[in-house]
Amino acid sequence: MQSDEVARRAYWTQQLEEAYAFMFESILPYPVVECGEPFVSLREVAAQADVVVAFSSLKHVNDLDRLFYLREGQIPNFLGAAKKMNELGWVLRVEDGYRTREIQKYLGLTPKVFDAVLQRVMWELGGKVPSPEFMFRRCSALVATVPKFATHMSGSAIDISVMSRHDPALEVDRGGPYIELSELTPMNSPFVSALGLRHRKKITALMRDYGFVEYPWEFWHYSSGDAYDQFLRKTGKPAIYGAVDWDPVKNVVTPMADATTPLNSEEEIRTEIEAALQRLAK
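Numbering (the working numbering) for the sequence shown: 1 to 282.
Just to be clear, a hint being listed does not mean it is correct.
[As the list claims (entries may be wrong)] In silico PhoX-like cross-links for lysine-lysine, where the CA-CA straight-line distance does not exceed 25 angstroms:
#, residue 1, residue 2
1, Lys83, Lys201
2, Lys83, Lys202
3, Lys105, Lys250
4, Lys250, Lys59
5, Lys84, Lys201
6, Lys234, Lys202
Worth flagging that the hints you see were computed from the coordinates, not collected in a lab.
Let the hints inform the model, and build the full structure from the sequences given.
In C-alpha cells form, the structure reads like this:
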C-alpha cells in the first residue's frame, strides 16, 4: 500500500512538472496571429442543427453565468463531434467554454478549487504547506494562471463530460468526474480503471477526428486552432486563436495586450493559502 502511495505521488509530481514546462516553455512563447473570428453560441447552433448537446447548469465564480461559446470556425467540427456522439448513444455535455478575465482569475482562487489543489499539493509535499511560488507552479498546470496559455480565454476550448443518451443522468465512466484533481487527472493516468481509460481514448479519438486536441494533463479539456492545438499536432503554424476580451453586444473580440501577465499575484496566492488553511482546519 505504501509503495502504491509513493508511486501515485511520484506520478502526480512528474505530470504537474511536465504540464508546467508545457505552459511556460512551449505555449507561452508560441506565436499567435489572432484571426478575429466572432463567438458563436453552442446552445443556439446545437438547437438549430437538431443535435442533442447538454450544458452544465452550474453557475461560475462570483455567481456569473457560464459562457458556452466557441469561435465561428470551430462550429462545424463541434457539431460533427456532438452528432457522432449521439450516433454512439452518447450526449456531449459542455461543462465550460469561454472565460473572461474575471472568471479565469477567480476560478483559481475559489475555495472549491483552491482548497482541493492545496490539499493535493500538501499530500505531494508530505503534509508541508507550499510556498506561494510552488502553489503558483501547480495552479498553472491545473487552472492556467496566465491568459496566453489559458485557452478558455481564447474562446477555443471546451471542458466536456459525456452522458448516456438513453439515461441523461448516467455519465460515461472516464475514471473520475469533472473536476477530478488527483493523479487520475492526466489523460493517460495509469491509475485509472481499464474501462475509464478505454472511454478516455475513445472520446479523445472522436474529438481528434473533428479537429479538437486533448490537453494531456486533464481528461476533460479539448481545443482547436490555438497554441495547444498547433504545438501538439506539430503543424509549425501560428495559433489563430489567442486570449481575447469579448464585447458580447457587438460580438467583437480584442486581443489581450497583457496576455503574458499572470492573473494572480504572489501576495494574492499567499493570502488564499492562509484562508484555505483556516477553512480546512474547521
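Hints violated by the structure (numbers, ascending) | none
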